[in-house]
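Once you have looked at the hints, place chain B on chain A.
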Amino acid sequence: MAIFRVSNAFSQRVFLRNLQRNRGSLDEALARTSSGLRVRYPSDDPEAAAELLRLQEEMQQLVMRQRGISQARPWLQMLEEAAGDLGEILTSAFQYAVQGSSDTLDDAQYEALAEQISGLRSQLMSLTKLKISGRYIFSGTLTDTEPFDADGHYQGNDRAIQIHLDAEQVTINVPGDELFGEMGVGGPMQVLADLEEAFHDADTERVQALLDDLRDAISANAAMLSRIGNRRKALEDADVRLQDRQLSLQRRVADLGSADMAEAMSDVQKFETGYQATLAAGAKLFGPTFFDYLG
Amino acid sequence: MTVFSQFAIGRTAMRAFRLGMNLSGYNVANANTPGFSRRRLELGPLPTIAVPGGWAGMGVDVVSVHRVRDPFLDFATRREMGRLGADTARAEILAAMEPMFGEVGTNELQGALTNFFDSLESLSVQPDDPAVRENVLAAGRQVASTFHRLDTYLVESRRSANQQVADKIDRVNDILDRLSQINVELLGLEAGGGEASDLRDERDRLVDELSGLVSIRTVEADNGQVSVFLEETGDTLLAGELAHPLGTFQDAEGMHHVTVLRGGEQVDLTGRLRGGALGGYLAVRDEDVPGYRERLDTLAAELAREVNAVHSSGYGLDGSTGLAFFVPDPPGDHMASSIQVNARIEEDPRRIAAADAANEPGNNAIALRLAALREEPVTGLGGHSFAGYGADLMAAIGRDTASADASRQAGETIVDSLDLKRQQVAGVSLDEEAADLAKWQQSYQAAARYMQTVNRVTEMALGLLAG
Numbered sequence: 001m002a003i004f005r006v007s008n009a010f011s012q013r014v015f016l017r018n019l020q021r022n023r024g025s026l027d028e029a030l031a032r033t034s035s036g037l038r039v040r041y042p043s044d045d046p047e048a049a050a051e052l053l054r055l056q057e058e059m060q061q062l063v064m065r066q067r068g069i070s071q072a073r074p075w076l077q078m079l080e081e082a083a084g085d086l087g088e089i090l091t092s093a094f095q096y097a098v099q100g101s102s103d104t105l106d107d108a109q110y111e112a113l114a115e116q117i118s119g120l121r122s123q124l125m126s127l128t129k130l131k132i133s134g135r136y137i138f139s140g141t142l143t144d145t146e147p148f149d150a151d152g153h154y155q156g157n158d159r160a161i162q163i164h165l166d167a168e169q170v171t172i173n174v175p176g177d178e179l180f181g182e183m184g185v186g187g188p189m190q191v192l193a194d195l196e197e198a199f200h201d202a203d204t205e206r207v208q209a210l211l212d213d214l215r216d217a218i219s220a221n222a223a224m225l226s227r228i229g230n231r232r233k234a235l236e237d238a239d240v241r242l243q244d245r246q247l248s249l250q251r252r253v254a255d256l257g258s259a260d261m262a263e264a265m266s267d268v269q270k271f272e273t274g275y276q277a278t279l280a281a282g283a284k285l286f287g288p289t290f291f292d293y294l295g
Numbered sequence: 001m002t003v004f005s006q007f008a009i010g011r012t013a014m015r016a017f018r019l020g021m022n023l024s025g026y027n028v029a030n031a032n033t034p035g036f037s038r039r040r041l042e043l044g045p046l047p048t049i050a051v052p053g054g055w056a057g058m059g060v061d062v063v064s065v066h067r068v069r070d071p072f073l074d075f076a077t078r079r080e081m082g083r084l085g086a087d088t089a090r091a092e093i094l095a096a097m098e099p100m101f102g103e104v105g106t107n108e109l110q111g112a113l114t115n116f117f118d119s120l121e122s123l124s125v126q127p128d129d130p131a132v133r134e135n136v137l138a139a140g141r142q143v144a145s146t147f148h149r150l151d152t153y154l155v156e157s158r159r160s161a162n163q164q165v166a167d168k169i170d171r172v173n174d175i176l177d178r179l180s181q182i183n184v185e186l187l188g189l190e191a192g193g194g195e196a197s198d199l200r201d202e203r204d205r206l207v208d209e210l211s212g213l214v215s216i217r218t219v220e221a222d223n224g225q226v227s228v229f230l231e232e233t234g235d236t237l238l239a240g241e242l243a244h245p246l247g248t249f250q251d252a253e254g255m256h257h258v259t260v261l262r263g264g265e266q267v268d269l270t271g272r273l274r275g276g277a278l279g280g281y282l283a284v285r286d287e288d289v290p291g292y293r294e295r296l297d298t299l300a301a302e303l304a305r306e307v308n309a310v311h312s313s314g315y316g317l318d319g320s321t322g323l324a325f326f327v328p329d330p331p332g333d334h335m336a337s338s339i340q341v342n343a344r345i346e347e348d349p350r351r352i353a354a355a356d357a358a359n360e361p362g363n364n365a366i367a368l369r370l371a372a373l374r375e376e377p378v379t380g381l382g383g384h385s386f387a388g389y390g391a392d393l394m395a396a397i398g399r400d401t402a403s404a405d406a407s408r409q410a411g412e413t414i415v416d417s418l419d420l421k422r423q424q425v426a427g428v429s430l431d432e433e434a435a436d437l438a439k440w441q442q443s444y445q446a447a448a449r450y451m452q453t454v455n456r457v458t459e460m461a462l463g464l465l466a467g
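Chains A and B, in that order, give the protein sequences. Under our numbering, the residues of the first sequence are numbered 1 to 295, in order. Under our numbering, the residues of the second sequence are numbered 1 to 467, in order.
Pulled out of the complex, with its shape left as it was, chain A reads as follows (with noise of 0.2 angstroms):
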């Protein structure tokens, strides 16, 4: 700009303005380096803010979603051993059966046999009464109704309780008669029900009869084993891919929002000696002008 005349009133003002200007830029310096934040209101800088909050939320979601996860451990890890104890508890009935099913056996010895099979189905019915916080695990979604009566009648319903995972969701429990059958229907708790009564009967037949439905049980018990294995690898799957998600949005977080220090610092410095240049040059302003030097 070319300068014809220049007015103190107005050097002045531009000396007050370049000081508020500096003043400025170095308390917003400050600010940058004081609070790690580059992007503190949005209009620091608008689209950066807009994807912040976007992934502000994102992040959000992922920390309830591993919430969900550790909440639906615990079902899937009881429903596991559940699972693990039914099949030893087919085991030792079938172990009993083959026992049972020669001739050999007396009447006292048969006597024996039927008290094991009913300490085992005791062992079974407190299986199907397992609780998670107060809820019964095996009633479907009545969870707070035992899964069977005295008579081992289902009293749940077959609905499924899920959580969400990533995209897809997952199922955390098995309606108790899918895993323990049901009086009268059939499954481990009417077979091992039967084996009790052949027992006491001294039934040898029956109890060669029985050993294939316990074998059906067993291996049923078994695939309903790897089906909650597979749920569980589900569930942690989902746990590792969300926690990768999380370290690559923490990330993008922290690129956009964060203040780069070293630059924050360089510039703390840059403007500070910004400022005090103009407050060197404000003190050379309100120094002498020509009156003085009047005589």
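Derived from the structure by calculation, the hints contain no laboratory data. C-beta atoms are modelled at their ideal positions from N, C-alpha and C, and glycine is treated no differently. Honestly, I wouldn't trust all of these hints.
In silico contact screen, one side only, chain B against chain A (beta carbon under 7 angstroms); selected entries [to be verified]:
#, residue
1, Met100
2, Thr114
3, Asp118
4, Ala191
5, Gly194
6, Asn364
7, Asp392
8, Val428
9, Asp436
10, Lys439
Chain B only, in chain A's frame:
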């Protein structure tokens, strides 16, 4: 050449130089007076008279004392001041509003929405847990109160812009009133010739201020009277001694409207004035903030609509069904200010519908669908998710705030550089005044010495006579 005319030459010179010194003093005294234009003394020789053998001068004449000013720079500066006034007003309101919505990391709206959907997600994991249900209820209340609060911030911003509109209208009318007086006074003072510099300075200062308030065009007549027109509509605000003040009335919302008298009728110009601080406040009051409010209302309405659609299809623990989660249902016009959690649910959180069948406490099918709304694109929000729409709204406010502030800063730079040019012409330079003062002083001394010499010569002549 008589003795008396010799004295007269000295007298005119001493008077002129003393006046020069006075003016330097006056300029120095007003070096910091806003709107002051430096004064200049224009001198010319007095008419010469015939003397034997030629012409002799009679002394020096004060031709004029006038302001130094460049009308083109005034025009350019004022046009930019109108824009700057508008940008500054907008930036001021927006910059005060933005922080109320919170920092990016702790954004209120997003925080409330996130919290709400988190609680629904927890509900889907533990649909029969009373504590989780209390959380859903609390999060729902937080969503409603956040919408209310943000809406209140927006209403308050509008109200403060509205107050400024009223103040600026008053100020514009005050200035017009004073300018019309000045137009009258100017004619009187300058009738005998000569410039009423102080009055003209005051007038120019007022026109400067006026041009920061509304976009105006000014015309200065030969007699020095200034006329003022509205830039946007061409309406006359001041013609000679006649001011046409802006009219105003309040609408049902209490918003001040700006009118002018045109053909005997008050014409509403509220939607057309966008220049100057008045226009800036009108723009932020009638365009920016209502735009945000509308988007906030849309978000609240769509959230209520979507959540209610799913929720009312579900069943509470007590077997209740068909309940809307948010009321009013269907959503009303100003949903952001009216959204509430349904009182029936407030009474008993067991009525929160997590199940898609009655009497199944572990059934979480509806809770899952409610939680899934979080990510779903919503047609009424242009295919955005709730959080995405909220983020866009925040970004829009940020963007408008940033751009208003950027225009304000750019405008300041332009006005500054124009003003610098203006000050280069009209401003007082102390160095220059000191030099002038020295010049007048020396000239005065020389004139005095001349008088002394004339006096001595005269005395000598008288002495000869006496001798």
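Query raised in the report: Failing hints, ascending?
Result: As far as the earlier hints go, 1, 4, 5, 9, 10 are violated by this structure, in ascending order.
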